[in-house]
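First to last, the sequence lines map onto chains H and A.
Under the working numbering, the final residue of the first sequence carries the number 97; numbering is consecutive throughout.
Under the working numbering, the final residue of the second sequence carries the number 158; numbering is consecutive throughout.
Think of the hints as simulated: they come from the structure by calculation, not from any bench.
Treat the hints with care, since some could be wrong.
One-sided and incomplete, this derived list gives chain A residues near chain H with beta-carbon spacing under 7 Å [stated by the list, open to error]:
| id | residue |
| --- | --- |
| 1 | ILE53 |
| 2 | ALA121 |
| 3 | LEU129 |
Simulated pairs of lysine to any residue, SDA-like, Cα-Cα distance not exceeding 25 Å [what the hints assert, rightly or not]:
| id | chain 1 | residue 1 | chain 2 | residue 2 |
| --- | --- | --- | --- | --- |
| 4 | H | LYS56 | A | HIS118 |
| 5 | A | LYS88 | A | GLY149 |
| 6 | H | LYS56 | A | VAL55 |
| 7 | H | LYS85 | A | MET136 |
| 8 | H | LYS55 | A | GLY127 |
| 9 | A | LYS156 | H | ARG72 |
| 10 | H | LYS56 | A | GLU122 |
| 11 | A | LYS78 | A | GLY128 |
| 12 | A | LYS156 | H | GLU37 |
| 13 | A | LYS110 | H | SER9 |
| 14 | H | LYS85 | A | GLY128 |
| 15 | H | LYS3 | A | LYS88 |
| 16 | A | LYS35 | H | ARG45 |
| 17 | H | LYS3 | A | GLU37 |
| 18 | A | LYS156 | H | ILE71 |
| 19 | H | LYS28 | A | ARG124 |
| 20 | A | LYS35 | H | HIS96 |
| 21 | A | LYS97 | H | TYR38 |
| 22 | H | LYS85 | A | GLU125 |
| 23 | A | LYS157 | A | GLU37 |
| 24 | H | LYS(-5) | H | TYR27 |
| 25 | H | LYS85 | A | ARG124 |
| 26 | H | LYS24 | H | HIS96 |
| 27 | H | LYS3 | A | GLN47 |
| 28 | A | LYS97 | H | GLN(-8) |
| 29 | A | LYS157 | H | GLU69 |
| 30 | A | LYS110 | H | TYR38 |
| 31 | A | LYS78 | H | GLN16 |
| 32 | A | LYS157 | H | GLU76 |
| 33 | A | LYS35 | H | GLU76 |
| 34 | A | LYS157 | A | ASP114 |
| 35 | A | LYS35 | H | SER15 |
| 36 | A | LYS97 | H | ILE71 |
| 37 | H | LYS3 | A | VAL55 |
| 38 | H | LYS56 | A | ARG124 |
| 39 | A | LYS35 | H | GLY4 |
| 40 | A | LYS88 | H | ARG5 |
Where is the CB? At the ideal position from N, CA and C, for every residue including glycine.
The primary structure of each chain is shown beneath.
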Amino acid sequence: MEISNQDFKHCTLLAVKGRVDSSTAPQFSQALADVAEKGMYKIVVDMTELEYMSSAGFRALLATQRDCKKYNRGELILSVVPERIREALELAGFTELFKLFDDNTAAVGHF
Amino acid sequence: MSDYVLLTDATQFISTNSATLLYNQLTVPSLQQITHPAKLESLALFRELIQDFCQDINVEVLYDIQLAVDEICTNIILHGYKDMEPASITLKLEFDPAEIKISITDTGHPFQPKQPPDINLHATAEEREIGGLGLSFVFMSVDDLQYESTASGNITRLLKKI
Chain H
-13 MEISNQDFKH CTLLAVKGRV DSSTAPQFSQ ALADVAEKGM YKIVVDMTEL EYMSSAGFRA
47 LLATQRDCKK YNRGELILSV VPERIREALE LAGFTELFKL FDDNTAAVGH F
Chain A
-3 MSDYVLLTDA TQFISTNSAT LLYNQLTVPS LQQITHPAKL ESLALFRELI QDFCQDINVE
57 VLYDIQLAVD EICTNIILHG YKDMEPASIT LKLEFDPAEI KISITDTGHP FQPKQPPDIN
117 LHATAEEREI GGLGLSFVFM SVDDLQYEST ASGNITRLLK KI
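Whenever a hint applies, use it, and build me the whole structure from the sequences.
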């Protein structure tokens, strides 16, 4: 798993690549917490190169969403979600909790 | 193979595909077993074995099997071996023309995986239960799950139709 960040005027885009499982999820979770700690609660998670995500990764997303939505200060949205991961999001009922965007420009533009 | 290419008859074409399929089934070993320490770092090694074993299977089936095994093994590593010296996990994969049989053996505390209650799709992020998602994924990904706890260890058996 690899993570990279890009700061925009109104949000941070965090790209997660490769495979997120229980062994790599803490690193993913920490990267999300680091963004929020900087006071940036508007986060786009770019999943273009995400190959795999187990429930541990989904839990990290949910915990961050809770933090971001507190006091209406922001939210976490998902961009370019691969088909198989989108199916898992739907089955987990996560499409109700996260807005999904087809490309990063639209996602960043949401904020 | 070149003889087949010349044939334009649809039936012949299908039989060529069947022959290729049969050939693949004969060359890929029909049973594989591996044992790794019950540590989170082993999850990637189990996924690799599944990937090698399922190389001729469609990617969705492969993903489902990897996900189910990942979630079961994570539970064993984090909860099964809790407060005891972590031992190992053995993953066994068996090929059948119509299905893949998977067995996961550990010697930790017995833990019967049960289907979690239906997810409340209308709950907000704040209300949403954070646990149980892994097992929901397991039950969504495989066609059958059997669990047995014996004197020699716990065995989780999964079945995936292909």
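These are the hints, each one checked on the structure:
The interface hint given for ILE53 of chain A is broken, as the beta carbon of that residue sits about 14 Å from the closest beta carbon of chain H, more than 7 Å. The interface hint given for ALA121 of chain A is met, as the beta carbon of that residue sits about 5 Å from the closest beta carbon of chain H, less than 7 Å. Interface restraint check: LEU129 of chain A against chain H, minimum CB-CB distance 4 Å, threshold 7 Å, status holds. With a CA separation close to 18 Å, the supplied pair LYS56 of chain H and HIS118 of chain A stays within the 25 Å bound.
With a CA separation close to 14 Å, the supplied pair LYS88 of chain A and GLY149 of chain A stays within the 25 Å bound. Straight-line distance between C-alpha atoms of LYS56 of chain H and VAL55 of chain A comes to about 38 Å, which puts the hinted pair past the 25 Å bound. For a cut-off of 25 Å, the pair hint linking LYS85 of chain H to MET136 of chain A stands: about 23 Å separates their Cα positions. With a CA separation close to 20 Å, the supplied pair LYS55 of chain H and GLY127 of chain A stays within the 25 Å bound.
Proposed proximity of LYS156 of chain A and ARG72 of chain H is supported: the alpha carbons are some 21 Å apart, at most 25 Å. Taking the CA atoms of LYS56 of chain H and GLU122 of chain A, the gap is about 9 Å. The hint holds against a cut of 25 Å. Distance restraint check for LYS78 of chain A and GLY128 of chain A: the Cα-Cα separation of roughly 18 Å lies within the 25 Å cut-off, and the hinted pair is therefore satisfied. With a C-alpha separation of about 21 Å, the suggested pairing of LYS156 of chain A with GLU37 of chain H holds against the 25 Å cut-off.
Proposed proximity of LYS110 of chain A and SER9 of chain H is supported: the alpha carbons are some 23 Å apart, at most 25 Å. Using a Cα cut-off of 25 Å, the hinted pair LYS85 of chain H and GLY128 of chain A holds, with the two alpha carbons roughly 23 Å apart. A distance of roughly 29 Å separates the Cα atoms of LYS3 of chain H and LYS88 of chain A; the hinted pair therefore is violated under the 25 Å criterion. Between LYS35 of chain A and ARG45 of chain H, the direct Cα distance comes to roughly 20 Å. Compliance with the 25 Å bound is thereby established for this hinted pair.
Between the alpha carbons of LYS3 of chain H and GLU37 of chain A the distance comes to roughly 18 Å, so the proposed pair stays at or under 25 Å and holds. In summary, the hint linking LYS156 of chain A to ILE71 of chain H is supported, as the alpha carbons are separated by about 19 Å, within the 25 Å threshold. Note on LYS28 of chain H and ARG124 of chain A: the hinted pairing holds, with a Cα-Cα distance of about 20 Å set against a maximum of 25 Å. A C-alpha spacing of about 40 Å is found between LYS35 of chain A and HIS96 of chain H, which places the hinted pair above 25 Å, so the restraint is violated.
Between LYS97 of chain A and TYR38 of chain H the alpha-carbon distance is near 22 Å, which keeps this suggested pair within the 25 Å criterion. The suggested pairing of LYS85 of chain H with GLU125 of chain A holds, with an alpha-carbon distance near 19 Å, which does not exceed 25 Å. Under the criterion of a C-alpha separation no larger than 25 Å, the hint pairing LYS157 of chain A with GLU37 of chain A is inconsistent with the structure, at around 28 Å. Only pairs whose Cα atoms come within 25 Å are accepted, and LYS(-5) of chain H paired with TYR27 of chain H is accepted, the gap being roughly 12 Å.
With a C-alpha separation of about 16 Å, the suggested pairing of LYS85 of chain H with ARG124 of chain A holds against the 25 Å cut-off. Straight-line distance between C-alpha atoms of LYS24 of chain H and HIS96 of chain H comes to about 20 Å, which keeps the hinted pair within the 25 Å bound. Between LYS3 of chain H and GLN47 of chain A, the direct Cα distance comes to roughly 19 Å. Compliance with the 25 Å bound is thereby established for this hinted pair. The hinted pair formed by LYS97 of chain A and GLN(-8) of chain H fails the criterion: a straight-line CA distance of about 44 Å is larger than 25 Å.
Proposed proximity of LYS157 of chain A and GLU69 of chain H is supported: the alpha carbons are some 21 Å apart, at most 25 Å. Annotation: proposed proximity of LYS110 of chain A to TYR38 of chain H holds, straight-line Cα distance about 24 Å (limit 25 Å). A threshold of 25 Å between alpha carbons decides the hint, and for LYS78 of chain A with GLN16 of chain H the separation of about 24 Å falls inside it, so the pair holds. In summary, the hint linking LYS157 of chain A to GLU76 of chain H is supported, as the alpha carbons are separated by about 22 Å, within the 25 Å threshold.
Between LYS35 of chain A and GLU76 of chain H the alpha-carbon distance is near 30 Å, which puts this suggested pair outside the 25 Å criterion. Pair hint LYS157 of chain A plus ASP114 of chain A holds up; C-alpha atoms about 23 Å apart against a cutoff of 25 Å. At roughly 19 Å between alpha-carbon atoms, LYS35 of chain A and SER15 of chain H fall within 25 Å of each other, so this suggested pair holds. Taking the CA atoms of LYS97 of chain A and ILE71 of chain H, the gap is about 24 Å. The hint holds against a cut of 25 Å.
Proposed proximity of LYS3 of chain H and VAL55 of chain A is supported: the alpha carbons are some 18 Å apart, at most 25 Å. A hinted pair counts as satisfied when its Cα atoms are at most 25 Å apart, and LYS56 of chain H with ARG124 of chain A qualifies at roughly 15 Å. Restraint check for LYS35 of chain A and GLY4 of chain H: the C-alpha separation of about 20 Å stays at or below 25 Å, so the hint holds. At most 25 Å may separate the alpha-carbon atoms for a hinted pair to count; LYS88 of chain A and ARG5 of chain H meet this at roughly 22 Å.
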